[in-house]
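Trainee: Spelled out, the chains give:
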Amino acid sequence: MADRDDEKIVDPGIDDVIEKLEPKQIEQAVLRVLHEESAARLKIYLETCVHCGLCSDSCQSYLSRGKDPDFAPVAKVKDTIWEMVKRKGKVDGPFLKRAARIAFIECGACRRCSMYCPFGIDIAYLIMVVRRICNLLGIVPQYLQDTTNSHSVTMNQMWVQQDEWIDTLIWQEEEARDEVADARIPLDKEGAEIMYSVIAPEPKILAQLLGNISQIMTVAKMDWTMPSTDGWDNSNMAMYSGDFEVMGRVERLHWDCALNLKVKKIVMGECGHAFRGAVYDGPKWLGWSKPPIPMVHAVEFYYDLLKSGRIKIKNKIEEPVTIQDPCNIIRGRGLHHKLRWVVNEICADFRDVEPRYEHNYCCQAGGGLINCGPRWKVARMKSNKVKAEQFADTGARTIITPCHNCHSGIEDIIGYYKLGMHVAFISELLVKAMERPEA
Amino acid sequence: MNGIEQSPLDWVYEFASGPLVWIAIIGFLGGGLYKLVTMAQLAKQEKIVFPTMSAKHGAQSVLHWIIPFANRNTRMRPAFTIVSFSFHLCLLITPLFVMGHAVLWQQSRWAISWWSLPSGLVDVMTLVVVFACLFFAIRRLAAPEVRNVTDWTDYALVLLVASPFLTGFIARMQWLPSKVMLTLHIICGALWLLAIPFTRLSHMFWFVFTRAFMGSESGKVRSAKDW
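Order-wise, the sequence lines are chains A and B. Just so we're aligned, residue 1 is where the first sequence starts under this note's numbering, counting upward by one. Just so we're aligned, residue 1 is where the second sequence starts under this note's numbering, counting upward by one.
Since the hints were made in silico from the structure, they are not lab data. All C-beta atoms in this analysis are idealised placements derived from N, C-alpha and C, irrespective of residue type, glycine included. Take the hints with a grain of salt, since some may be wrong.
[Unchecked claim] Simulated crosslink set (DSS-like; lysine-lysine; CA at most 25 Å straight-line):
no.: 1; chain 1: B; residue 1: Lys179; chain 2: B; residue 2: Lys56
no.: 2; chain 1: A; residue 1: Lys284; chain 2: B; residue 2: Lys44
no.: 3; chain 1: A; residue 1: Lys20; chain 2: A; residue 2: Lys8
no.: 4; chain 1: B; residue 1: Lys220; chain 2: A; residue 2: Lys265
no.: 5; chain 1: A; residue 1: Lys67; chain 2: A; residue 2: Lys8
no.: 6; chain 1: A; residue 1: Lys24; chain 2: A; residue 2: Lys97
no.: 7; chain 1: B; residue 1: Lys179; chain 2: A; residue 2: Lys43
no.: 8; chain 1: B; residue 1: Lys220; chain 2: B; residue 2: Lys47
no.: 9; chain 1: A; residue 1: Lys90; chain 2: A; residue 2: Lys24
no.: 10; chain 1: B; residue 1: Lys220; chain 2: A; residue 2: Lys86
no.: 11; chain 1: B; residue 1: Lys179; chain 2: A; residue 2: Lys284
no.: 12; chain 1: B; residue 1: Lys225; chain 2: A; residue 2: Lys264
no.: 13; chain 1: A; residue 1: Lys338; chain 2: A; residue 2: Lys312
no.: 14; chain 1: A; residue 1: Lys382; chain 2: A; residue 2: Lys67
no.: 15; chain 1: B; residue 1: Lys220; chain 2: A; residue 2: Lys264
no.: 16; chain 1: B; residue 1: Lys220; chain 2: A; residue 2: Lys290
no.: 17; chain 1: A; residue 1: Lys338; chain 2: B; residue 2: Lys56
no.: 18; chain 1: B; residue 1: Lys47; chain 2: A; residue 2: Lys284
no.: 19; chain 1: B; residue 1: Lys47; chain 2: A; residue 2: Lys43
no.: 20; chain 1: B; residue 1: Lys35; chain 2: A; residue 2: Lys20
no.: 21; chain 1: B; residue 1: Lys56; chain 2: A; residue 2: Lys284
no.: 22; chain 1: A; residue 1: Lys382; chain 2: A; residue 2: Lys264
no.: 23; chain 1: A; residue 1: Lys221; chain 2: A; residue 2: Lys264
no.: 24; chain 1: A; residue 1: Lys262; chain 2: A; residue 2: Lys290
no.: 25; chain 1: A; residue 1: Lys338; chain 2: B; residue 2: Lys225
no.: 26; chain 1: B; residue 1: Lys44; chain 2: B; residue 2: Lys220
no.: 27; chain 1: A; residue 1: Lys290; chain 2: B; residue 2: Lys35
no.: 28; chain 1: A; residue 1: Lys86; chain 2: A; residue 2: Lys221
no.: 29; chain 1: A; residue 1: Lys432; chain 2: A; residue 2: Lys204
no.: 30; chain 1: A; residue 1: Lys314; chain 2: A; residue 2: Lys432
[Claimed, not checked] Coverage of chain B stretches by chain A, computed from C-beta distances (three or more under 8 Å per stretch; other residues unrestricted):
no.: 31; stretch: 141-151
no.: 32; stretch: 166-179
[As the list claims (entries may be wrong)] Cβ-to-Cβ under 8 Å is the rule here; a few derived chain A residues that face chain B:
no.: 33; residue: Ala39
no.: 34; residue: Glu47
no.: 35; residue: Thr48
no.: 36; residue: Val50
no.: 37; residue: Cys52
no.: 38; residue: Asp57
no.: 39; residue: Ala72
no.: 40; residue: Ala75
From just these sequences and the hints, can you work out the full model?
Mentor: Listed below in structure tokens is the structure:
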């Protein structure tokens with residue numbers, strides 16, 4: 001019962017590539033991933049799944065599309081990797097088109113379903129195996145592939161050149177000085193305690209966030225720096241396009257950059273998947289048991305600043321707010337209580353979501369979904385009606401989203417479902433609410 | 001041969017109750033061991049599997065999933081939870097502690113005295129297994145999200161699991177010629193045991209490992225819960 005409109009969508013990154021593929025190539029790519037790149041997990045997961053369907057109700061796309069069985073996590077596995085294994089890689093173009101749509105558009109690899117599978121099967125991992133196979137064949141939605149190309153060439157996601165990067169940092173330092181007189185963005189300061197990491201959308205389209213962090217760091221009197229050279233962006237879309245070679249390069253350069261600056265730790269800005277790439281997927285691919293120096297996410301960082309009194313709140317935000325629990329820092333780091341503590345410090349009227357914490361619904365934007373571009377936007381929106389309903393039920397005006405993907409995805413949802421709400425990063429509220437020296 | 005002709009049924013019965021039982025037990029244990037060893041080797045290849053494992057977080061996760069209603073999914077579907085937990089409990093306990101099996105241990109050359117449950121209770125437990133299997137089969141047909149991922153092998157497995165219980169129950173009630181039923185009962189039981197390591201019934205072995213891995217990854221690596 002898959003959506004007819006979605007099936008009609010033509011994506012050159014998928015359709016044009018599939019047209020040129022030979023059956024032999026397809027078979028080789030599938031077998032390479034099945035036999036050379038995967039082992040126990042894939043085999044045990046496939047052998048253990050008893051087709052019980054208990055994962056279905058965990059998926060926002062299944063729930064949002066009137067419980068269409070084709071959108072249940074187990075169905076997404078059945079229509080992709082089960083068939084590839086069963087047919088020993090002898091799958092055809094139409095099959096691959098469907099598999100690519102399922103793996104890249106209908107699953108955000110948020111891992112909520114793993115928490116509903118009685119066996120704890122990592123369904124998102126199985127979907128990532130499908131993406132890897134697609135990637136080896138060159139089948140990747142065009143916009144997503146463009147971000148990977150950008151990483152490959154510029155080491156950041158959005159083709160930001162070094163002069164633009166430095167220029168943006170200096171510009172935002174000036175902006176911050178309007179609010180906090182001695183605000184700085186110290187570049188390449190060797191031996192600083194903190195390297196602050198951002199992702200390319202910040203200099204490209206959300207530059208004010210760089211100004212915000214400059215204010216926050218200055219008021220908190222932190223010893224921090226940002227690199228002026230490549231390695232400042234670890235947003236890493238290659239991790240989601242299945243190009244693990246490029247993913248590894250991006251993560252290695254990012255950590256090298258921090259090590260060259262001899263910083264004690266990295267503070268990751270409000271981004272979930274960059275955090276995931278740097279702390280989990282990157283080190284895993286590089287064969288490291290853990291990152292070489294600690295990385296803390298912005299939520300933890302703000303928590304520490306507020307808890308220690310380095311930042312004090314002067315004017316709490318009055319309008320009702322709610323939260324998006326981003327998968328990569330909640331299911332991926334357990335920061336839900338700290339997030340709520342921070343929000344309650346900054347805001348006077350916090351209204352929690354249901355379901356919450358590890359059980360929150362995915363934004364249907366992370367995991368590379370939103371990066372698949374505008375042609376897939378309506379499909380994404382149809383797959384996340386439950387998210388709109390979840391937020392509408394809170395009666396809040398502002399949705400706090402400490403993750404770039406959640407932020408953009410939920411902005412889309414607010415528009416599509418006419419929720420009349422708006423999204424905000426924590427830093428945007430924090431700079432309004434915090435006590436600062438007179439400018 | 002004492003002048004008594006062995007009927008084909010006698011021959012089958014003797015084969016089933018003798019060599020077949022041994023084949024089943026050896027196949028079950030040997031197959032299980034083979035699977036565990038080969039999977040452990042494959043898990044080593046993956047590099048991240050063993051370093052991720054944590055006894056504490058693995059055990060926490062397993063506990064939250066073997067106790068009914070200790071995780072969100074089982075709370076969301078109470079009827080299914082009750083059926084499924086009763087089914088698995090009865091499935092594992094009944095064959096071990098039914099009087100008929102205890103008698104066999106007693107009569108064996110080792111004369112092992114083994115515990116057994118009251119026969120009335122065992123009857124109920126047997127029926128729980130049979131009706132739960134019926135429930136699973138009907139659910140496969142009735143629930144679209146399950147029907148969508150069901151093929152004939154799923155029904156075959158349900159039938160295979162139900163068969164030793166159904167035949168055992170009929171044999172005990174003596175509704176049909178008891179030797180025929182006993183023979184069928186032993187064959188079904190042997191097939192069931194043999195199937196465990198080599199079919200999706202192997203979740204009996206893998207459950208602990210997949211669960212513990214997810215629990216370890218969630219708890220030790222990601223500081224989050226997976227229930």
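Trainee: Find the hints from earlier in the document that the structure breaks and name them by number, from lowest to highest.
Mentor: 1, 7, 10, 11, 12, 20, 22, 27, 28, 32
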